[in-house]
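S.K.: Line order of the protein sequences matches chains U and C.
The opening position of the first sequence corresponds to residue 1 in my numbering, with each subsequent residue numbered one higher.
The opening position of the second sequence corresponds to residue 256 in my numbering, with each subsequent residue numbered one higher.
Among these hints, one or two may not hold up.
What the hints assert, rightly or not - Here are the simulated distance ranges between beta carbons:
hint	chain 1	residue 1	chain 2	residue 2	range
1	U	F24	C	R341	44 to 54 Å
2	C	R261	U	A229	56 to 66 Å
3	U	E111	C	W500	20 to 30 Å
4	C	F336	U	F24	26 to 36 Å
5	C	A497	U	F24	54 to 64 Å
Note that these hints are calculated values from the structure, not bench results.
Glycine included, C-beta positions come from ideal geometry on N, C-alpha and C.
For reference, the chains in residue letters:
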Amino acid sequence: MSLTTPDKTGQSIDVVVESLVLAFDGAPLFDALSARFAAGAITCLLGPSGGGKSTLLRAIAGLTRPTQGTVHGGDGAPLDGRIAYMDQSDLLLPWLSARDNVALGARLRGEPVDRIAVDRLLDRVGLAGHEGKTPDALSGGMRQRVALARTLMEDRPVVLMDEPFSAVDALTRYRLQDLACELLRGRTVIMVTHDPQEALRLGHHLFVLSGTPARLQPAQAPDGAPPRAPSAGDLPARHEALLQALSANAGTLPR
Amino acid sequence: MTAAGRIIATVIGLLVLWQLVVWATGAPPYLLPSPLDTVSTLIERAGFIAGHAAVTLAEILAGLVIGATIGVASAILIALFRPARRWLLPVLVTSQVIPVFAIAPLLVLWLGYGMASKVGMATLIIYFPVASSFLDGLRRTDPRWLDLARTMTGGTRPLAVLWQIRIPAALPALGSGLRVAAAVAPIGAVVGEWVGSGAGLGYLMLQANARVQIDLMFAALLTLAAMAVALYFLIDFAVRRAVPWQRETTTALPS
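Chain C extracted, bound-state conformation (with noise of 0.2 Å):
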């Protein structure tokens, strides 16, 4: 079966399930909507889900932009300067150990209502999976390659064997940080929009709940489950079309 064969059986089985269960428990539409209910509401709300949705996504691809620039200049930075690993590696350990929860609602104090703050959210969950394993790609060069550069070189041209080398080497570990922020981006963006907004999925979902819509909160969270997995499978398409020579990458659906 192919990939995206498995894909669509796997919706179809969740949403089979969900239905069984509606079924099966008898539960009232306005706790546990079906899944007939929940698309129709979809599409009857399509034009509105979607306004909020664009809000969602643009934060979850800004944080994306910033969070993923600013990891790769500091696992370079670190790779390349000892200094840099001894005040950069503590702040990279820091970004991660605080929860986002925590500092959600500073951050909507400081930025505001607005994108700034969700984006904000966004850029500091994802920025440590991208640091952190491509950091780790870049000390994990092979040893020899560096020696036969070594020779070559004489040790002369340490940003040319980084550049030529080492990142080439470490682009299938930055992959698999990408692919992991690209998972927990959403999280970043939703939690800043339950802190404080006027506009998103997150926020949506929030209206809706209080109002007890569930059949439009649903909705709103379909569209975000199937946003965070269009992302996730844009990225891993595009880090296997950068990174063609490493095999183990094309083995993470096997068939």
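Same shape as in the complex, but just chain U (with noise of 0.2 Å):
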């Protein structure tokens, strides 16, 4: 857990979610719900859908204020300035080249925008030649792609990625897994999925958030480093098993 970030506060750092309180429709989705999320790591949520996995990210996030307690960095900070949002949906500003939409962040606080890099990322997550080109011209795939590069660009070490590849299909995802595995190497990673082999093959860290009030429970990972080969190793058994834990929960919800 002691990676270092290639961030320019060259420090990873824990994500503490600390005794939080949220109603949702007036049902109480978390009761003092607590967690420390592993530094330079990525860890996984998995859930049955409206269990609360979303709500958990945005409320990290800062987009939804929890009636109580709080969420803050390892070192007791704040964590506003140091998250990245990636959504399921790419969320590209449909008038902006690829470009342009990499460097939205320091667009929108006005900083100059390091051109280089935007071009370096774009390269990186293999759409060089792409770079001018507006969303309706690139695929679903290389569009979250974008999205991705946008992420990296805002160079923060806490990543926080809800379904990030649900919306593409099954080879795009696979690879997509890859590279967002090794673009995001050494951050604070948090990953909503519903997805159990996406989270298998890609979390140091697996947590299932099920019941009413939500509760997080830890799975356990497969053996080795991420991105896993399906089939390599403890993965099979350890997918038998949180698959079981799943359905497990899902007999104790209201839905």
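Fit chain to chain and form the complex, with the hints in mind.
M.R.: The following block contains the structure:
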């Protein structure tokens, strides 16, 4: 867990969630939920839909204010300005080129755009030669890669991903997982996914979020470093166990 | 069939229908001149009609520029500032519920018989569709884009978000407002000319009608219709060029 990130802070940080209380439509979603997400590692959050995975991610991102409780870095300081967020839809602005979309953060903050860094990132996600194209000229997989480049361009120690690869076909998803794993190395990544296979391929740590109010239960990650091959080592066995854990929890849900 | 082909076919179809009505009813030329009579009058008195058309066109264009500018400005103000919403929204609605016909005499009284009162009328009629549709667009920014911007800026740069995300995202809505404005703008100018003026197509139609020069009246009407249609398509074309990412607008004329 002592991997250092290539970002400007030079240090990867834990993400700490402390006694989070949050209600959704009057029903308690979290009641004193606490968790610690390890620095420099990918943590995958699994669980039934509607179970609060995305809400937890939004609370960490500062997009949803909890009734009580705090979210902060392992150093005790707030996470403001230290997170990058990636959604399941690419959220590219259709009137901007791939290059300008990647530079969106800097453009919004009024900072000078490091065009060399932008083009280098687009090159690393395999989009060299497509920099000037607008999103409508790109395939779904390519757009999601632009979104990945935009997330990396923010160069933040914490990266929050909400089902980042769920909207693309299986082969594209597989390649994007490899790419994300390589490019996100050293950052604290919290990834929400509904796909146990994806969690088992990418996660250093796994959590299942379920129940009302929701509880986080750790699940055993397979051996070896991500990205893991789908049939390597104990992954198939872990897959089986994870599916059982998920279906056991699904039975206790209201829907 | 291309768009141009369809337009030409429609115009020819309408002219044939017009001629058929003239033949079938046997209406005398002083009640319903044939298309041929109208066109020959149009050609004979082209310079005379063009002079009046130029006045009306100038009124429409000035009204369009002023009305659209005020409309865009108030939509932005209302979208940005809560107090502005409380004060300006009633003004916006009032501007629409008062019929232009009812205040036309007032405007002529205040602004005189010249172009100013007609420009004022056109401005009034254009303001509402532009302001309301643009405001609608500004309020309907995809909340996920705004969330993304918030993780990038911490919510500290509302003006940059407005300028770089909300306004571009609302341009298609502004485009539909401008299309409606282009279609109704001639009404404002012509009503103004009817109430009191010394030039313009509305004035010409009123005078020709009073002197039972129905062919001249029809020639003026035809010119006004041609101008209005040309204006609509010009704006439609400009909007599509300005908002190329908006696929829906390109299906305004399904092929």
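S.K.: For each hint, tell me whether it holds in the structure or not.
M.R.: Checked hints:
no. : hint                            : result
1   : F24(U) <-> R341(C): 44 to 54 Å  : violated (31 Å)
2   : R261(C) <-> A229(U): 56 to 66 Å : holds (58 Å)
3   : E111(U) <-> W500(C): 20 to 30 Å : holds (25 Å)
4   : F336(C) <-> F24(U): 26 to 36 Å  : holds (31 Å)
5   : A497(C) <-> F24(U): 54 to 64 Å  : violated (40 Å)
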